[in-house]
Every structure is written in structure tokens, then in C-alpha cells.
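Listed below, chain by chain, are the residues.
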Amino acid sequence: MADEIILLDLWASMLGMRVRVALAEKGLKYEYREQDLRNKSPLLLEMNPVHKKIPVLIHNGKPICESLIIVQYIDEVWYNKSPLLPSDPYQRAQARFWADYTDKLNAKSLYELGRQLWLTKGEEQETAKKGFMECLKLLEGELGDKPYFGGENFGFLDVALVTFSCWFFAYESFGNFSVEAECPKLVAWSKRCMEKESVSSSLEDPLKIHGFVIMMRKELGAE
Amino acid sequence: MCIKKGISAAIAFARYDQNIMGEEVKLFRTWSSPFALRIVWALRIKGIEYQTVFEDISNKSPSLLQYNPVHRKVPVLLHNGRPIAESLVILEYIDETWKQAPLLPVDPHERAMARFWAKFGDDKVLGSIWSVFIKQGKEQEEAMVPAMENLKFLEEELKGKKFFGGETIGFVDLALGWLANLIGLLEEIVGLKVVDGEKLPLLSAWMQEFGDAPIIKDNWPARDGMILKFQALRDATFAAASK
Numbered sequence: 001m002a003d004e005i006i007l008l009d010l011w012a013s014m015l016g017m018r019v020r021v022a023l024a025e026k027g028l029k030y031e032y033r034e035q036d037l038r039n040k041s042p043l044l045l046e047m048n049p050v051h052k053k054i055p056v057l058i059h060n061g062k063p064i065c066e067s068l069i070i071v072q073y074i075d076e077v078w079y080n081k082s083p084l085l086p087s088d089p090y091q092r093a094q095a096r097f098w099a100d101y102t103d104k105l106n107a108k109s110l111y112e113l114g115r116q117l118w119l120t121k122g123e124e125q126e127t128a129k130k131g132f133m134e135c136l137k138l139l140e141g142e143l144g145d146k147p148y149f150g151g152e153n154f155g156f157l158d159v160a161l162v163t164f165s166c167w168f169f170a171y172e173s174f175g176n177f178s179v180e181a182e183c184p185k186l187v188a189w190s191k192r193c194m195e196k197e198s199v200s201s202s203l204e205d206p207l208k209i210h211g212f213v214i215m216m217r218k219e220l221g222a223e
Numbered sequence: 001m002c003i004k005k006g007i008s009a010a011i012a013f014a015r016y017d018q019n020i021m022g023e024e025v026k027l028f029r030t031w032s033s034p035f036a037l038r039i040v041w042a043l044r045i046k047g048i049e050y051q052t053v054f055e056d057i058s059n060k061s062p063s064l065l066q067y068n069p070v071h072r073k074v075p076v077l078l079h080n081g082r083p084i085a086e087s088l089v090i091l092e093y094i095d096e097t098w099k100q101a102p103l104l105p106v107d108p109h110e111r112a113m114a115r116f117w118a119k120f121g122d123d124k125v126l127g128s129i130w131s132v133f134i135k136q137g138k139e140q141e142e143a144m145v146p147a148m149e150n151l152k153f154l155e156e157e158l159k160g161k162k163f164f165g166g167e168t169i170g171f172v173d174l175a176l177g178w179l180a181n182l183i184g185l186l187e188e189i190v191g192l193k194v195v196d197g198e199k200l201p202l203l204s205a206w207m208q209e210f211g212d213a214p215i216i217k218d219n220w221p222a223r224d225g226m227i228l229k230f231q232a233l234r235d236a237t238f239a240a241a242s243k
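Protein chains in written order, with my numbering: chain A, 1 to 223; chain B, 1 to 243.
The following block holds chain A by itself, in its conformation from the complex:
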């Protein structure tokens, strides 16, 4: 029986992109369904009743929610191709730790700080910018001189973080700074990742993301 895979997602979501990258890494065919979060579909509400958010992966009718959980699920089900998590428990713990760091639902996560960067102005924005760069610098330190966070091979943490890179241009424009100036190794890493088909086909055009942020700012009254 062929696997039925459906992805409920929003085109600009860096979290949704993580799932797209993982699916592409495993060479999986799936149905992409764009969601309107202002008018949530019955399917989304049924498949993610707790959070009502994207991304949601539906595999043979069963839903999996939360981007990093979905990526791990994909890695565990389709374990015989392009493994994303390393096999050593300590290395796995490190990958999970840093992925969690980018994701944490608190004011200090890369995700939240990035959001504050384009949503706020003045001192609030400056604080967010500072925190954001601190995060990136820490991550750059973790990368070191390795080609990927996963070492020689593209792995879990690379998937978790690379999707932020198509948002860099938007962050830089609104935050008035340059990621490359502060974290050149990270930018070089993101370009290296973009050479992979799974990444380049899953990430969105930074200009389009920029346009999306302009629209979101208007909608959320940040203009």
C-alpha cells in the first residue's frame, strides 16, 4: 500500500519549510495543502485541535504536529534514507538541544526574537535585534568549522535552522543590520545548504518573504 502523505502548511512559514526539507531529503511524494490561518480549514482543526497551527503532517490519515516532532517522525519512519539524526545518543542529544534552542516558546528563542525584530520598533526592536544576533552567534559557534551542523552530513539541526535563512533578508531590512557581517560562517553554511536540492526546492524566495512581512506588519498594525 502506497503511503498517503499530506502537509498542511503556510508557504512563508519557516517551521513548515523544515518539514518540506525533511520530506525532500527522504525523496517522499506528498500533497501540499496551503492553509489560510485567518479562516482555518475543518481539516486543520480536526488534525490539530490543540494548537490549530501549521505545519501538520498527515500520514495515512494520522496527524503529527509541531515541526521538530514531525521531522523526527519522518526520520524514524523513513530511516533507511538520508538519516537526519546521528546514531550516537550523545550526538543526538546535542542536535535536539540546539534545535530546541531555536524553537523554545519563550522570549529568547530565535523564532520569537526574529518575530519581535519585524514586529516592533525603537528600543523593543533594538533589544530583539541584540538577542537575535546573540542567538545566531552562539549557533555559529556550535557550527565551528564543520561543513554542516551534522558534521560531514546535512542533519537534523541543519534542517531546523536552515529555513530561517530565507527570512534573513526580511530581518535585516526591518532590523537594519547584516547577518553576514556578524555571522559570516553561518551565511556560508546557509549557502552550502542551498546547494542541496532538498533545501533549494523547499525554501522560499527571500524577496517574497520580505513582501509577506510587509503585509503581516500592516495586518498586525505595526506600520
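Treat the hints with caution; some may be incorrect.
Unchecked claim - Result set (SDA-like, lysine to any residue): computed pairs, CA atoms no more than 25 Å apart in a straight line: (1) B/Lys243 - A/Glu124; (2) A/Lys137 - A/Glu182; (3) A/Lys104 - B/Glu157; (4) A/Lys104 - B/His71; (5) A/Lys196 - A/Asp145; (6) A/Lys130 - B/Asn68; (7) A/Lys52 - B/Leu200.
As the list claims (entries may be wrong) - Computed, partial: chain B to chain A, Cβ under 10 Å: (8) Ile90; (9) Glu96; (10) Phe116; (11) Asn150.
What the hints assert, rightly or not - Anything over 10 Å on all C-beta distances counts as not near chain A; from chain B, calculated: (12) Ile48; (13) Leu65; (14) Arg72; (15) Met148; (16) Gly225; (17) Ile227; (18) Ala232; (19) Ser242.
Read the hints as simulated data drawn from the structure, not as lab findings. Fair warning: this is a prediction, and the values are worked out from it, not measured in the lab. Just so it is clear, CB atoms sit at the ideal spot from N, CA and C, and this is done for glycine as well.
We have chain A; now place chain B onto it with these hints.
Relative to chain A, chain B alone:
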């Protein structure tokens, strides 16, 4: 010749055995941290010998800062000199390193669900209960709404199960275990029933079952100390809010 080989082999085996048995496992914790408690439970359930290092949060040891420079928090597990931080990450590490008494299920979808509920506990349940605890009057009434919504999801998840892990305590039980201790304490301090046995019968029953399980029961932090601590936290929050 045979005897010599035999002795060498025996020594080599003894060293190997020592390696396995003498693995250094150290847990950095505080006396009250519910996150560190998860690790205590996991280590006990798996029968792993370990040393405890109690931290004073107001005066963190150089070791803690060295082992968890990013968050500077407990718990940190040190295994053969290598640190792992973030309680849920540590739980997965423990489960993958010591295979006895598995915490996570085998099926990938069930594993994903376990991770989901653990994350839900930390991301949503904890904060919503805390909000109820640190607010008063109308604000507290309003805070009860999301808190109850979250608890209802947990109630649903317990349908047909004794524990979140099924017949035995598992990953989600350890992740949500703080509920079994803290809810009662907070209810006493605030004088408000949060987990009503009539409205949330399954959750109520789970709190009892889990809380009374031998390994869990033996490791709750001192009740008096907890009451004092949380009363003080609540008072401090009110004082700060009224300034």
C-alpha cells in the same frame, strides 16, 4: 600459557565490566525543580546509579555554568564527563542509552504523540496553571479558562488508560508528573480547586496513581519547603504587580 591467557582475558573482562558498572552518572539539580525531578524518576525507573549535585540557584556552581553555559539551569546530566541539558532532551538520551524499562513507545506515531504531549505540558499547561496561581480576582477567573481548556485535553488523552504511557509510567507521565505534586500545593495556597475530581475524573485519578507510585512517591520534595517557596513566589509577584 592457557592460564596466562585466561587471566588476561579475566582482567580485560573485569575492566570492561568496571567500565559499564563504574560509568559516571551525575545529576545537577535543585531540591525543588520539577524538571530535575523528571530525571531522578527516569534514572530510578531504569535502576541507574548516579550521584547528585545540589545547586543553589542564587549561587550557581562553576561546574553548572561550565556544563550548561547556554541556559545555566538545572537539570544537567553528566555522563562520563559529557553534559546533556534540557530535561526532555535528557530523558530521550537516558532512554536511548539504557534500554531497560523503556520510556518512549516503539511505534513512530506513538513516539511523536508522546513528544507532542510532553511539549504541550511545558509550552502551555505549565504557564496556564502558573497564571492562575499568580493572579487574583477577576484576572484569576479569566486565567482559569485557558488552564481548564489545557487540562481537558489531558483528560481526553487519558481515556482508556491508567497512565499516559498506557499500563505503565512512560515519557509523558514523567513530563507531566509535576502536576501530581504542584497542583495540590497550589490549590492549598490559593484556596481554589483547579483539578476537580468531578470535572476531570481521569486526570484526578492519574494524579493519585502517579503520585502514589513507589519511585515517584519517594522522591517528592519536602512539602513544607514547597508551600513556603511557592507562597513566597506568589507574594513577591503580587508585590511587584502592585508597584
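* In ascending order, which of the hints set out earlier in this document are inconsistent with the structure? -> Violated hints: none at all, because every hint is consistent with the structure.
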